[in-house]
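A.B. asks: The listed protein sequences derive, respectively, from chains B and Z.
Each residue of the first sequence is one higher than the one before, starting from 1 at the first, in our numbering.
Each residue of the second sequence is one higher than the one before, starting from 1 at the first, in our numbering.
Simulated from the structure, these hints should not be mistaken for lab results.
All values derive from a computational prediction rather than experimental measurement.
Just to be clear, a hint being listed does not mean it is correct.
Straight line, CA to CA, 30 Å or less: simulated DSSO-like cross-link-like pairs of lysine-lysine [said to hold, decoys possible]:
#1 Z:Lys54 - B:Lys9
#2 Z:Lys54 - Z:Lys37
#3 B:Lys71 - Z:Lys100
#4 Z:Lys37 - B:Lys71
#5 Z:Lys100 - Z:Lys37
#6 Z:Lys37 - Z:Lys5
Anything over 10 Å on all C-beta distances counts as not near chain B; from chain Z, calculated [as the list claims (entries may be wrong)]:
#7 Leu11
#8 Ile18
#9 Asn27
#10 Ser28
#11 Met29
#12 Ala41
#13 Phe46
#14 Ser49
#15 Arg61
#16 Leu66
#17 Lys68
#18 Asp84
#19 Lys100
#20 Thr102
#21 Asn112
Built from N, CA and C at the ideal position, the CB exists for glycine as well.
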Amino acid sequence: NAGVTQTPKFQVLKTGQSMTLQCAQDMNHNSMYWYRQDPGMGLRLIYYSASEGTTDKGEVPNGYNVSRLNKREFSLRLESAAPSQTSVYFCASSEPGTDSYNEQFFGPGTRLTVL
Amino acid sequence: DQQVKQNSPSLSVQEGRISILNCDYTNSMFDYFLWYKKYPAEGPTFLISISSIKDKNEDGRFTVFLNKSAKHLSLHIVPSQPGDSAVYFCAAMYGGSNYKLTFGKGTLLTVNP
Chain B
1 NAGVTQTPKF QVLKTGQSMT LQCAQDMNHN SMYWYRQDPG MGLRLIYYSA
51 SEGTTDKGEV PNGYNVSRLN KREFSLRLES AAPSQTSVYF CASSEPGTDS
101 YNEQFFGPGT RLTVL
Chain Z
1 DQQVKQNSPS LSVQEGRISI LNCDYTNSMF DYFLWYKKYP AEGPTFLISI
51 SSIKDKNEDG RFTVFLNKSA KHLSLHIVPS QPGDSAVYFC AAMYGGSNYK
101 LTFGKGTLLT VNP
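Sequences are here, hints too, so could you generate the full structure?
C.D. replies: As structure tokens, then:
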């Protein structure tokens with residue numbers, strides 16, 4: 001089992017460019033999440049998908065869109081990148097309400113720099 | 001408005017001694033708390049959790065204590081090992097929030113040999 005995988009690992013964009021961060025999980029989890037981590041800020045939730053076919057905004061959704069392509073995949077899109085979106089992005093998945101005690105499993109992250 | 005607070009950005013301890021990491025929360029609806037550990041260039045990994053109906057949970061060298069009246073929890077690591085050096089995040093959730101986690105800013109633990 002690969003767990004949660006993210007692509008790419010690193011990306012450099014120019015202001016105004018667009019890109020999509022990909023995330024996939026092989027644990028058959030219903031819920032998936034996108035976070036960003038900035039220095040001194042902890043992890044902040046961007047968007048989440050409680051189940052296939054649903055998506056909802058988190059704490060910092062502005063400038064992002066998401067797609068829950070199927071149960072395995074949850075992508076994050078930046079339509080017009082800005083320097084303020086320079087960050088490390090983490091995808092996570094979970095199966096809430098089970099004996100796993102609501103643990104979220106995280107991917108290795110994508111380090112994005114916007115110039 | 002920060003609902004989960006880790007007021008110590010860093011902590012340094014000697015190998016073999018106890019490490020105590022603290023976390024405070026303001027939202028009384030939180031009913032489940034988790035600690036995550038993060039090494040550089042990796043994603044966070046789950047360490048230990050506690051439900052609000054308990055005041056202590058233990059897993060090997062790691063123990064989490066919850067004081068609901070004070071809205072405070074702590075993670076104890078005994079004995080501390082150099083491999084424990086990492087950033088530790090406190091996180092909280094409640095069922096009505098669609099199981100979304102709210103994270104603290106993290107505490108960098110350094111265990112010196």
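A.B. asks: For every hint, state whether the structure bears it out.
C.D. replies: Structure-based check of all given hints:
no.	hint	in the structure
1	Z:Lys54 - B:Lys9	violated, 39 Å
2	Z:Lys54 - Z:Lys37	holds, 22 Å
3	B:Lys71 - Z:Lys100	holds, 18 Å
4	Z:Lys37 - B:Lys71	holds, 27 Å
5	Z:Lys100 - Z:Lys37	holds, 18 Å
6	Z:Lys37 - Z:Lys5	holds, 16 Å
7	Leu11	holds, 16 Å
8	Ile18	holds, 24 Å
9	Asn27	holds, 13 Å
10	Ser28	holds, 18 Å
11	Met29	holds, 15 Å
12	Ala41	violated, 8 Å
13	Phe46	violated, 4 Å
14	Ser49	violated, 5 Å
15	Arg61	holds, 19 Å
16	Leu66	holds, 14 Å
17	Lys68	holds, 18 Å
18	Asp84	holds, 19 Å
19	Lys100	violated, 6 Å
20	Thr102	violated, 8 Å
21	Asn112	holds, 23 Å
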